[in-house]
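Undergrad: In order, the protein sequence lines correspond to chains A and B.
Using full-length UniProt numbering, the letters of the first sequence correspond one by one to residues 1 to 424.
Using full-length UniProt numbering, the letters of the second sequence correspond one by one to residues 1 to 213.
By construction, these hints were calculated from the structure, which means they are not laboratory data.
Please note that a few of the clues may not be correct.
[To be verified] Okay, the calculated beta carbon distance ranges per label pair:
no.	chain 1	residue 1	chain 2	residue 2	range
1	A	Lys275	B	Leu20	45 to 53 Å
2	A	Gly76	B	Ser103	47 to 55 Å
3	B	Asp37	A	Ala157	34 to 42 Å
For each residue, glycine too, the CB sits at the ideal point set by N, CA and C.
Chain by chain, the residues:
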Amino acid sequence: MSYNFAKGIEVLDQQIDSRIEAYFSSCVHCGLCAEACLFYTETSDPRYTPIYKLEPMRRLWREKHTFWGKFLIKMGLSQPLKEQDFADWETLVYDSCTMCGRCSMVCPVGIDITYMIRKEREGFSAAGYTPVGLQEATKRALTIGSPMGVTLKTLKAALVHVEKSTGLKIPLDQSGADYMALFSSMEVVNFPEYIESVARIFAAANVSWTISSEAFEATNSGIQIGSHDAAKEIVSRVVIAAEALGVKYVISPECGHAYTAIRWEGPNLIGRAYKFEVIHILELLDQLQKEGRLQFTGKTDTPLTFHDPCQIVRRGGVIESPRTLLDSVSSGFVEMTDHGSMNWCCGGGGGVSANERAEDLRLKVFDRKKQQIESLGVTTMVTSCANCRIVLEEGIEDREMDVEVIGLTELLAEYLMDNSTPAA
Amino acid sequence: MIGELIDGPLWYFAFGVFVLGVIYRIISILRAGLKKDFSRPRAEGSAGALRTLFSRFIPRRDVATRGRLTVIAGYLFHLGLFALLIFAQPHVTFFSERITGFSWPALPYWAFIVSAELAFIGLLLLWLHRVLHPVTRLLSSIDDYVGIGLVFLVMLTGCLALAQAFEPLRLLHLFLAELLLIYFPFSNLMHAFTFAFSRAYTGATMARKGVNA
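Could you build the full structure based on these sequences and the hints that come with them?
TA: Rendered as structure tokens:
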């Protein structure tokens, strides 16, 4: 990876908008954001204080946009942002922040720190100070079409298995279908049960859907590494495919950042509104159930809890749907102390799980989730993000815990009433 | 001579710097601009902006437990300070004569003492926390210490000058307050105004997503 400090400074400065100016002007360095961040609470290392991770951007703001900053630099009493600062902050910006957004919920003056980390990463990415794992994932996403190297061939192979086990025909490239489903590479490779569950549920609820062979990948490494151009290219593929097929909705799968990418950032990346709507799979299932098109039979009485994926719940707004759905198939659903929009991150979001360098730290901060699970005493955790799921499973294994993690859509499919009658 | 300067021209100068400086800072924030958000909102941003503007006065669980010292000290200091600034008898007289042209009921003497004590306790706790806690020690800059120092001195001389029997103390208090006013727009004391923008921006963005921030 080549470094370009001047470009990094230029791009970082371009990110400074009214929100960022107001945020930096408001910060009184109270340190309360640290108390909401699992990287601080689990390590007690003050360098993991969320707002401290924004020091390079704050210094640039001060140097270019404030009286004292300009004055002190002119007088030689303060140093401008240096290339070494990018090098020094790279691990703080990428390894110790999952962009989970908890800090943004507690700041007394209302600073959206996560928004600024996302923007700061644009500068770091332009300067070339990014983790190798994320660089490679982004490169694969741009060249192969998936951060994990999943190709259409891989998907088709997975679909053959799905068709065999469900006896259903999986619709590919069907123009005029109502819904176009996206999947994350993780689902195609590690959790094809998700695809199978979606197929069975949609058949039962009589949903007109398709998969596009041009754009089936939901994940977007561009928004994790902080590259506007890469993120835009990856989102554009989905937009072009969905608009070509003329679908009414694109379904975001059980993947956290994919939802943020396609639902919230996508239209801004391409600079216009979509000609379709984006719906999260859980929102769709909730809606189908409310319309009576999706019915369940029986309930599990196993005590279980729900791990809220940050980008779907806290940063995405899909808060009630997973709970309504869980209640309809489970009689033993209990909430963790901090749940919903204040849940604790699995520790692997925001590209951290794709960054091998961060592995030890990620496993260390898993202690927070471990405490949450143990204080509840359940041994089954349901979630709705393939990345959370794999990160949770790794943490559980590392801590030698006896906890099973399952995907919510799969759990629902298990209790599916196959003779659900379609609404008129 | 110095007294006349402090009581006259310097006051007008300091007040002018404060007002123009604050307006300038707010205009610079707004001028930086915001890009249009093309994503389809779940709810109106404006309602969320208003909600978060007020809801952040109440700390969420983490902050209320793990950060309770900061929260309690912060409340003691800010409430005490506002009570003194707006309702101390000499301030009511000063503001009505020089700025507003009308006056309002002032705090009785005992309430002044209570407010001053709370504000001092809050400020000292915040200062101690800043110096002693590893997180705040790492975050704090010279700006934070100058701000605390100036506010402390203004409050101290204000209390000493309360009797108003000793003119030099009143002048010293006024002089320090003038320094504070001049320093204000260039420092993070600006949070007294910009917090409203920060909360509103965050509240609006999150409300569009359907999250009560």
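Undergrad: If a hint holds in the structure, say so; if it doesn't, say that too.
TA: Do the hints match the structure? See the list:
Roughly 48 Å separates the CB atoms of Lys275/A and Leu20/B, a value that falls within the hinted 45 to 53 Å. For Gly76/A and Ser103/B, the hinted distance range of 47 to 55 Å is satisfied, since their beta carbons lie about 49 Å from each other. For the pair Asp37/B and Ala157/A, the supplied restraint of 34 to 42 Å holds, since their beta-carbon distance comes to about 39 Å.
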